[in-house]
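Participant: Here's the letter readout for the chains.
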Amino acid sequence: MADVILKNVQKTFGRAKVIHGVDLDIRDGEFVVFVGPSGCGKSTLLRLIAGLEDITAGDLFIGGDRVNELVPAKRGIAMVFQSYALYPHMNVYDNMAFGLELAKSSKAEIDRKVREAARLLQIEALLDRKPRQLSGGQRQRVAIGRAIVRDPKVFLFDEPLSNLDAALRVQTRIEIAKLHTDTRATMIYVTHDQVEAMTLADRIVVLNAGRIEQVGTPLELYHRPANLFVAGFIGSPQMNFIECQVAGVGPAEVLVSLPGGGTLAVPVQPDGLQAGEAVTLGVRPDHVRISPEGALNGRVELVEELGENHLLYVDAGQGRRLTVREPGDARHEAGSTVSLDLARTFCHLFRRTGEALQPQAGATSPTSPDLTSSVA
Amino acid sequence: MTSAVAQGDVPVPRRVRGRRSSLTRSRVRAAWLFIAPSLIILALIAGWPLARTIWFSFTDADLNNLSDYEFIGFENYLANYDGEWLGLLTDPDWWRSVWNTVWFTLVSVSIETVLGIVVALILNAAFPGRGLMRAIILIPWAIPTVVSARMWNWMLHDQFGVINDMLLRLGLIAAPITWTANPDTALWTVVMVDVWKTTPFMALLILAALQMLPGDIYEAARVDGVHPVRVFFRVTLPLIRPALIVAIVFRALDALRVFDLIYVLTANSRDTMSMSVYARQQLVDFQEVGLGSAASTLIFLIIALLVVITLAAGRVRLGEDPR
Ligand SMILES: Nc1ncnc2c1ncn2[C@@H]1O[C@H](COP(=O)(O)OP(=O)(O)O)[C@@H](O)[C@H]1O
Ligand SMILES: [Mg+2]
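Just so you know, the sequences run in chain order U and X. Residue numbers for the first sequence follow the working numbering, beginning at 1 and rising by one. Residue numbers for the second sequence follow the working numbering, beginning at 1 and rising by one.
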């Protein structure tokens with residue numbers, strides 16, 4: 001059990017700076033997920049914590065000790081690799097036992113640990129098999145088992161599920177969550193899949209180009225994204241963004257002019273915003289409704305039926321495309337004209353710099369869209 | 001017993017042929033068509049000389065007049081004249097050359113394998129100028145053996161050689177050593193030069209195998225704190241073993257046929273004479289085509305036997321599991 005603290009951690013490969021000073025405080029027993037687009041430095045950050053890469057500048061503390069100069073084996077961590085990294089010529093048992101054999105454990109002790117982990121992961125029947133005789137999901141379990149037997153203070157996972165098919169991904173995800181509940185070890189988990197991030201994490205760290213964009217619980221990130229990047233990254237389908245201008249500023253709301261003439265009062269703190277400034281309005285597909293007298297008019301370009309709900313891709317003029325998610329089967333066809341209503345209490349407003357304006361206290365709450373209060 | 005007979009009665013081959021579709025048959029025909037040229041060339045450049053050598057080994061042919069010879073059966077190999085055994089198999093020089101060759105092969109290939117692994121491991125590590133190092137290390141292998149053997153001859157010269165000079169200056173030896181003439185050092189000298197020349201080849205083959213290894217398992221071993229020496233013996237070595245066996249077989253076959261290196265370094269000295277040098281001496285110096293051919297045939301048989309043994313042993317172990 002240990003907390004992990006990063007203080008202004010930086011990493012440079014040759015001349016390329018990949019991690020630009022990351023500050024992060026991971027509590028003991030917490031499940032933290034690093035999420036971000038491919039190439040943003042998630043793996044690098046994890047490998048810095050593991051000790052597989054040297055930290056260029058900054059400090060790393062695990063369980064209160066500064067571990068910058070400590071070899072991986074002495075950091076009390078275990079890592080599960082994306083590619084499983086199993087020894088191809090050893091059977092499952094040896095794969096799990098290999099790392100223990102030098103750790104001064106007795107044969108009986110090793111045997112007990114390996115069998116215990118195998119029982120936990122339900123791979124007891126596979127102990128004599130070679131990795132190539134296993135399916136992807138079974139290999140991943142062995143890789144996790146190899147981490148478990150080390151009894152680490154911190155588990156590190158680098159995209160452990162990305163090589164599995166969808167059904168197995170969900171199943172293994174649940175097992176990892178259960179492992180966290182059972183062991184109460186600190187876990188740091190890297191993924192580019194925001195569903196994995198949302199479902200597993202106590203807290204999510206959104207990374208972009210080597211910098212932290214936002215740290216928070218899954219719902220904090222979903223309901224109060226700190227900036228355009230997080231707003232666009234968390235949530236699927238992506239949040240709709242509409243470029244617009246500030247039409248007026250009230251004490252507790254900002255009036256923006258929508259394309260097509262309408263205005264919308266967004267309940268956010270104006271925080272020095274001036275009329276005439278360019279801002280970005282953000283609204284999730286669930287918070288756009290088709291209604292007879294909506295604020296925006298557009299033409300349906302494409303309909304995607306998903307069964308429990310459906311997506312409409314609406315062209316609102318000037319190349320502005322909005323996604324709408326409505327429950328049930330679609331009642332509109334491609335080519336038809338619709339009028340859209342935005343749930344204003346669920347709208348986000350971002351400055352030109354991408355920074356989000358703070359919502360009014362209690363304004364954005366995870367309840368159903370407040371359609372009646374929207375202004376046309 | 002009866003069931004075995006009954007099974008034997010089933011016309012398996014004909015049934016298989018009957019099931020062959022016309023597509024399969026045309027594929028088989030195309031395959032034969034494609035390998036026919038190489039088969040013909042092989043028969044001409046390898047099969048024919050081999051057959052001729054084997055034929056000559058049963059004759060009393062002479063290099064001066066190759067058209068006039070008589071078939072004498074196994075007399076080149078073994079013959080009894082008035083109670084005295086004669087022929088190749090009774091010649092102590094032949095057996096000496098067989099022993100020299102086997103000793104040379106075992107020692108030089110062993111040293112080359114160990115050194116080759118060491119060099120390959122170094123070249124496999126990331127360091128600046130690695131590409132250049134890989135090219136440089138191949139130089140000994142790229143120089144024709146005759147040239148490098150001559151070069152070493154000069155360096156090893158008892159009076160003018162740079163090696164004696166250096167050892168004298170360092171005070172390691174009191175008097176110059178006649179490296180290639182002294183029976184105690186001659187074969188070791190040959191081994192040393194061969195190691196110098198062929199280690200790069202070994203290293204390159206092993207390096208290719210090392211580069212095929214997945215990198216992530218080494219990171220996993222690092223995280224688990226497994227000692228690098230242990231990782232080498234428990235992970236790297238088992239994983240490169242198939243490639244290593246192939247490399248060793250290659251080198252061993254080469255070493256068993258060794259000729260140019262030994263001939264240039266020590267000429268016909270009995271202390272270092274290999275089987276090939278012996279055959280050449282019989283054939284060219286003594287003009288005994290029959291006896292020389294008999295020696296060549298025996299070399300062929302010995303090497304063929306060793307190949308079969310190695311491949312059989314290798315298959316057993318390869319079958320176990322490389323990965
Ligand atoms: N060993 C390395 N040498 C040079 N550049 C690297 C190295 N490892 C990663 N990078 C670079 O660092 C950036 C982040 O990589 P990575 O952490 O693997 O991204 P992610 O895991 O988020 O997809 C990439 O631009 C990548 O090219
Ligand atoms: Mg990655």
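Because the hints were derived from the structure by calculation, they are not lab data. Careful, some of the hints might be misleading.
[Stated by the list, open to error] A few chain U residues that don't get close to chain X, going by computed Cβ distances all over 12 Å:
1) Ala50
2) Gly51
3) Phe81
4) Gln82
5) Asp94
6) Gln138
7) Arg146
8) Phe229
9) Gly248
10) Gln269
11) Arg299
12) Gln318
13) Arg325
[What the hints assert, rightly or not] Label pairs and their computed distance ranges (CB to CB):
14) X:Asp216 to U:Glu304: 51 to 59 Å
15) X:Leu306 to U:Ile174: 52 to 60 Å
16) U:Arg352 to X:Arg230: 53 to 61 Å
17) X:Leu132 to U:Arg352: 48 to 56 Å
18) U:Arg15 to X:Phe233: 32 to 40 Å
Heads up, the beta-carbon is just placed ideally off N, CA and C, and yes, glycines get one too.
Participant: Mind listing which of the numbered hints don't hold for this structure, in increasing order?
Facilitator: 1, 2, 3, 4, 5, 7, 14
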